[in-house]
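> Sequence:
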Amino acid sequence: MGDIKEQVTAYLQQSINNGKVFTDTDDIFELGIVNSLFAMQLITFMEKKFSLTVENEDLEISNFNTLNNITSFIQRKLKERVTA
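Once you know that position 2 of the sequence shown is 2 in UniProt numbering, the rest is easy, because the numbers rise by one and skip nothing.
No wet-lab data here; the hints were simulated from the structure.
Careful: at least some of the hints might be erroneous.
[To be verified] Calculated pairs, DSSO-like style, for lysine-lysine (alpha carbon to alpha carbon, straight line, at most 27 Å):
no.	residue 1	residue 2
1	48	5
2	20	49
3	79	20
4	5	77
5	20	48
6	49	79
7	49	5
8	48	77
9	79	48
10	49	77
11	5	20
[As the list claims (entries may be wrong)] The following label-pair restraints were derived from C-beta to C-beta distances:
no.	residue 1	residue 2	range
12	83	21	17 to 27 Å
13	19	83	22 to 32 Å
14	53	19	14 to 24 Å
15	83	16	10 to 20 Å
16	19	79	12 to 22 Å
17	83	20	30 to 40 Å
For every residue, glycine included, the Cβ atom is placed at its ideal position computed from N, Cα and C.
Let the sequences and hints guide you as you build the complete structure.
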């Protein structure tokens, strides 16, 4: 889990680059750190970096609003890929 979280954190920090600090459980949308356009960029990053596919039914804010939720979502998708 740590490796995934570290990679997502690095991507967020590099992409946002506005000096805002957030915790693993902060809602990055509510804090105004990211918006819906950036969410699409985040999804593209996840699909390329972790070789997974984000389906329409996955497009729920609760999958992408915190670092912990993003990490859990990626782990679930990777597990689905292995068991499929």
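> Could you run down the list of hints and mark each one as holding or not?
Results for each hint:
no.: 1; hint: 48 <-> 5; verdict: 15 Å, holds
no.: 2; hint: 20 <-> 49; verdict: 24 Å, holds
no.: 3; hint: 79 <-> 20; verdict: 32 Å, violated
no.: 4; hint: 5 <-> 77; verdict: 14 Å, holds
no.: 5; hint: 20 <-> 48; verdict: 25 Å, holds
no.: 6; hint: 49 <-> 79; verdict: 15 Å, holds
no.: 7; hint: 49 <-> 5; verdict: 12 Å, holds
no.: 8; hint: 48 <-> 77; verdict: 13 Å, holds
no.: 9; hint: 79 <-> 48; verdict: 16 Å, holds
no.: 10; hint: 49 <-> 77; verdict: 13 Å, holds
no.: 11; hint: 5 <-> 20; verdict: 18 Å, holds
no.: 12; hint: 83 <-> 21: 17 to 27 Å; verdict: 37 Å, violated
no.: 13; hint: 19 <-> 83: 22 to 32 Å; verdict: 41 Å, violated
no.: 14; hint: 53 <-> 19: 14 to 24 Å; verdict: 33 Å, violated
no.: 15; hint: 83 <-> 16: 10 to 20 Å; verdict: 33 Å, violated
no.: 16; hint: 19 <-> 79: 12 to 22 Å; verdict: 35 Å, violated
no.: 17; hint: 83 <-> 20: 30 to 40 Å; verdict: 37 Å, holds
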